[in-house]
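Novice: If you want the building blocks of each chain, they are given just below.
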Amino acid sequence: MSSLSSARLKRSIALHLFLTPLALIWLFPLWMMVVFSTMPDNGIFSPGIELLPHGNFIDNFNNLQHDTDFVGAIVISVCVAVTYTVLSVLLTSMAGWALARYQFFGKSVVVAIILGTITLPYAVVLIPQFIMVARDFKLANTWVALIVPPLFNSLGVLFMRQSFSMMPDDLFDAARVEGVKEWRIFVFIALPLARPMLAALCIILFLASWNNYLWPLLINSQPGSMTAPVALGTLIGLTKVSWGGIMAGAVMLTVPMLVVFVLLQRHFIAGIAAGAVK
Amino acid sequence: MRNRNATAYRFLTPYLLIFAIFWVWPIISSFLISFQATRTVPWRFAPGFNWGRLIGDPAFFNALKNTLLILVIQVPVMIALAMVMAVLLNSPLLRARGLYRFAFFAPVVVGEVAYSAVFRLMFSLDFGIVNKLLNSIGLPKVDWFSNVTPAMALIMIAVTWRWAGYNAIILLAGMQSIPEDVYEAATLDRVSKLKQFFHITLPLLKPVIVFCAVLSIIGTMQLFTEPFLITERGGPGGGTETLGLLLYRQGFRSLNFGYASAVAYTMAGLAIAITLVQLWLTREPK
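Taken in sequence, the protein lines are chains F and G.
Those letters in the first sequence? Residues 1 to 278, by this note's numbering.
Those letters in the second sequence? Residues 1001 to 1286, by this note's numbering.
It is worth saying that the hints were derived from the structure and are not from the lab.
Check each hint, because a few of them may be wrong.
Claimed, not checked - What the simulated footprint calls covered on chain G by chain F, stretch by stretch (three residues with Cβ under 8 Å from a Cβ of chain F suffice, anywhere in the stretch; the number is not a length):
no. : segment
1   : 1013-1020
2   : 1102-1112
3   : 1219-1232
Idealized CB from N, CA, C, for every residue including glycine.
Based on the provided sequences and hints, a complete structural model is requested.
Specialist: This is the structure we're talking about:
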């Protein structure tokens, strides 16, 4: 028995000896983001090795705000991400509900199309989307342009379809016998039951909107209508720019999401892992 | 389940409306645009114009080569690494599991712009922390941005850092859905852990691995932000230009929508071919 547990101990030590350096390497870029954001530019561009935070964050933030209106961009990003999340959760859960609970004409076609779009590169729709929104609808540099086109989301619908189809039938049938309308069943019975799944979906959708780069870069390129990642991206590669400031911006984009991740880890992981469950 | 066409479509309409306007029509439209000369006003139908140019364009073949090179190296390395992470995070011997999970999963929430900025700074030639650390252990500095091979390596390192944990989450969930008693039976029969991995975990996980591979391939094929921001518009000298970047340059810098649409449809063709191969790989044995 003791030989068995000492073998386990050895394996456990080997496991930690391998995994700890890997974990430290993985954390290193995030750690350096924080360190850089607290260093003055002449400290970032000096020959010494600096691995610990300094106290220059506020100055760096002021430099960033001098280079671009980052606070304004953050406000846009937050408003857009919140609106997008609410609308998208509504659309995907309604569609998921229909696909999970009703038999209807054309259902298998709808499901096949949604599945098909998962493997279709976004590049194929990008150019016509841009032409349509910018030239035909004249909506470039508006919030609508940021919120509406990305509302189509295939993984979200499949996730909600799965969540609703796992609920027992009798729950809803009982309400139907009482004569409750279908939309009331959806709003007052199904949605409250799906709360954990809705939480997972909200987090994933919010994050997708918060970090979205390519579409906002193309459609909202005017200063004053840019989202925070786009505003920050315009500074990268400029010659006279405060890198400490850029890092302060990166920290402001990242740290709130890391906090959310830690607090709601279970929902987060459930949302991503949904792909693994058939 | 009841047959209710009207009710079902009432729930589906908003979603399908968005789908029709912002996906169905664009899919058709970009196919049509790829057969038009778009730098004249008005656009005119010229079937061979963009596709003919594509076949003879060295910039297209350069972007295609770079994209495929990243695809072939980065995706397998990342999936293998994600597998290692998932297996080890799943080990009952692991202590402080939460800390390790945080380390590997945290990059999932980091935006492309934020991490591109950090990687650019970390890998800079004279003041980058990576070269400083290489120097301090007696290795020579690497010029990550002026030479093609290190620049490609940097792009692959960055993408792998960002997405390995994401795939590990999916693989881990897949592993945890394998019933425990399969392993218990194998352990009773004195099958080693290594053999259990290759003969139980891997075969049962195959659909999940394929799912990860497909998502990663589609994602990597459209790679844009990293070569756009880290290696500065696909530098050095187009050495890291991807199809995504070529599409951006042609479509939104030169405003040549027809040619950019042809590039986009090339990407779609590749994606469809790869998906079909994957479906064939995971077909149910008859």
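Novice: Per the coverage rule (Cβ-Cβ under 8 Å, at least three residues), is the segment 1102-1112 of chain G covered by chain F?
Specialist: Answer holds; 11 residues pass the 8 Å Cβ test.
Novice: Three residues minimum, CB to CB under 8 Å: does the segment 1013-1020 of chain G make the cut for coverage by chain F? Let me know.
Specialist: holds (count 5)
Novice: Can you confirm whether chain F covers the segment 1219-1232 of chain G, using C-beta to C-beta distances below 8 Å and requiring at least three such residues?
Specialist: holds (count 6)
Violated hints: none; the structure is consistent with every hint.
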